[in-house]
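Chemist: Using the sequences provided together with the hints, build the complete structure.
Chains as they are written, first to last, in the numbering used here: chain A, 14 to 498; chain B, 10 to 233.
Derived by calculation from the structure, the hints in this document are not laboratory data. Backbone N, C-alpha and C define an ideal beta-carbon position, used for all residues, glycine too. Check each hint, because a few of them may be wrong.
[What the hints assert, rightly or not] If you want the ones that stay clear, here's a sample from chain B, every Cβ over 10 Å from chain A, calculated: (1) 12; (2) 23; (3) 73; (4) 90; (5) 142; (6) 158; (7) 190; (8) 193; (9) 194.
[What the hints assert, rightly or not] The calculated lysine-lysine pairs, modelled on DSBU-like cross-linking and capped at a C-alpha distance of 30 Å, are: (10) B/82 / A/16; (11) A/484 / B/16; (12) A/16 / B/140; (13) B/83 / A/420; (14) A/133 / A/94; (15) A/155 / A/174; (16) B/34 / A/16; (17) A/484 / B/78; (18) B/82 / A/18; (19) B/63 / A/484; (20) B/34 / A/420; (21) B/83 / A/484; (22) B/63 / B/78; (23) A/362 / A/94; (24) B/83 / A/18; (25) A/420 / B/140; (26) B/34 / A/18; (27) A/362 / A/164; (28) A/164 / A/174; (29) B/16 / A/420; (30) B/16 / A/16; (31) B/140 / B/83; (32) A/94 / A/358; (33) B/140 / B/63.
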Amino acid sequence: MTKRKMFLRMITASLLRRRSRMLIALLSIAVGATILSGLVTIYYDVPRQMGAQFRSYGANMILLPEGNSTLTMDTLDTALKTIPEENVVGATPYRYVRLDMPSRQQSFTSAGTDFSQVQKTSPYFSVDGEYPEKTRQVLVGKEIADTIGVKVGSSMELSYKNTAVSSQEASGDWVPGASLTGSAEGFNEAVLTVNVTLDENAAIESIEIDASSQTENIGALVGTDPVYLKQFIGKTLPLDGEDIDALAGATISSQAVVDAVNTARSTENAVARENTERFEVTGILSTGGEEESYIYMALEDLQKLTGEEILDVAELSVSAGAEELEEYSNSITGAGLGISSRLVKRVTKSEASVLGKLQALVFLVTVVVLLLTMICVSTTMMAVVSERRREIGLRKALGASDGSIRKEFLGEGMFLGGLGGLLGAVLGFVFAQVVSINVFGSSINFQPLLLPVTVIVSMAIAAVSCQLPIKRAVAIDPAIVLKGE
Amino acid sequence: MALLELKNISKIYGELKALDNVSIKVEKGEWVAIMGPSGSGKSTMMNIIGCMDKPSMGEVLLDGVDISKESQKKLTDIRRDKIGLIFQQFHMVTYLTAVENVMVSQYYHSMPDEEEALEALGRVGLRERAKHLPSQLSGGEQQRVCVARALINHPELILADEPTGNLDEANENIVLDLFRQLHNEGTTLIVVTHDPEVAEAAQRTIVLEHGRVAREVINENFGK
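Modeler: Structure follows, in structure tokens:
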């Protein structure tokens, strides 16, 4: 038998046959290693975990068309390819258009979007009812719902009028004898319309104003007040602000009339498209913000109404650290897609700062736990040494050198460290998993590298903790084994 | 040449002279008993002979070499190579089996050899108890394991401290018989005891009193 074999035999015998004391040392190392590997796992997983948490504050990246280029679903998809797929929590397209509600003669800003993505990028949206799932369903902002009195299950008709039909300027229609129609938003964004006929000199011959959408007896009077109406006759287009005196008390409606006249087009060119659809209200949206004054519908529905496929903006929720985000943002802007990317700083900044603090805290706790483990192991080994004074004395009497004694205790300590580390690495993962599920509500990935690291660190800690007890052991006088001691 | 010679050694602890100018000689192959009441300096002398302590004054010649001024480390080497120790309280490593306890001595000395260790146990009649832990052995059996451990490295000197102090008469006789065998094989034995019967088994008894050699008695009945 070699000396090494005998050495291992002695150490394992000591550990296996003197279980109770060694179990305490093993347990303290295992607990330390558990906390160590658990916290390290959490330490490295926190950015991912917290990233997901922070994503509940909404989008942290905004994509906008750059200059004259347009943003479409295609360019958005291309842009998204520059970000690793698993980091994209959600990407929501938005197209904002004003739609009329003919039954109430009102118009509202409507947003076409992708509801499955909305729930990811704006998790704070609170919907009374359901998100639309089919076509021709809408989600109505609470403010609008209160104003027009719609409820979940109500239906509403929305129509889209395309006024800018011709690329030609309105002035092209100002020809003698022309008959023009125009409209503009007046008081409270309500639309009034005008019909104008021009004489042989292309001056206004007659004017009819439908201002029934304006306030009764105030703005609505622009359509009936003879003195006001008379001012238009004989004027040439375009009207200048000084040409027409506003009706007292109805300046907004008066200005709208002027705007409507100036943008009026000949009948054959005007209102080339007017699409109307009936929608079912599936939910009422409350956010406490401006979203409450919008009507949301599926992007496809809105595209069908408008006949256009462009987007105004895309909101992205990306799970990544501040630096990575900056990188993604720059690569999207620089990709030549005609898209410019902006980060929502108030979200990304606070994320980075909270993460930093959290990691510092975890680091601190880890260090403290390691120190406590060392104290515990050291104390236990100290007790072991004093319990085994006679045995150590005997070994020395039998000829053990100080080096052998040191080696044997270090061997036992490191064996315990290794075993405790192994146990701790496994328990630590379980611990991290439990913490993760309870605190962050999501599971954690096992880091294979953490196993050897925990074992090695535990062995090193055990070795350091054994130094003082070993010093004690080496100092024991072999004469202790003789009688009288 | 004498195997062991103490030349005018004294051991002084403050005011107390544990050993006071003691000189003794032990020849190679001799069996010597050291007797004396408590406080007579037996333990101190045992420590010095066992290389676990150094005299305050005087020389200790082991195999003709003065070891009284050697370092602790050197003394450990000498003890390991030349001396086999047997104790009153046996002192076995509690978590190792009988044969492993014998092998511990081999381990520190040179190379553990289980076969040789088993043979040594066979010599003390415990071969079939080799795999037992100390707690499973009787006192007499434990002391026999310790005898096997003491002789496993073929020491020049076996130093026994009250080897039968904790044994009944039957086991005392077994141990003394083992000593006789060792003596017959030429091993030098020094047995510290206060038991006259054990002392009488030796060739010569040195009696200590108050740190001095009070008298030496040659056992005329030795070998009879």
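Chemist: Are the hints correct? Go through all of them and say.
Modeler: Hints, one by one, checked against the model:
no.	hint	result
1	12	18 Å, holds
2	23	18 Å, holds
3	73	21 Å, holds
4	90	8 Å, violated
5	142	7 Å, violated
6	158	8 Å, violated
7	190	22 Å, holds
8	193	25 Å, holds
9	194	21 Å, holds
10	B/82 / A/16	20 Å, holds
11	A/484 / B/16	35 Å, violated
12	A/16 / B/140	19 Å, holds
13	B/83 / A/420	19 Å, holds
14	A/133 / A/94	18 Å, holds
15	A/155 / A/174	25 Å, holds
16	B/34 / A/16	37 Å, violated
17	A/484 / B/78	25 Å, holds
18	B/82 / A/18	25 Å, holds
19	B/63 / A/484	22 Å, holds
20	B/34 / A/420	38 Å, violated
21	B/83 / A/484	20 Å, holds
22	B/63 / B/78	7 Å, holds
23	A/362 / A/94	24 Å, holds
24	B/83 / A/18	26 Å, holds
25	A/420 / B/140	25 Å, holds
26	B/34 / A/18	41 Å, violated
27	A/362 / A/164	39 Å, violated
28	A/164 / A/174	25 Å, holds
29	B/16 / A/420	38 Å, violated
30	B/16 / A/16	39 Å, violated
31	B/140 / B/83	34 Å, violated
32	A/94 / A/358	22 Å, holds
33	B/140 / B/63	38 Å, violated
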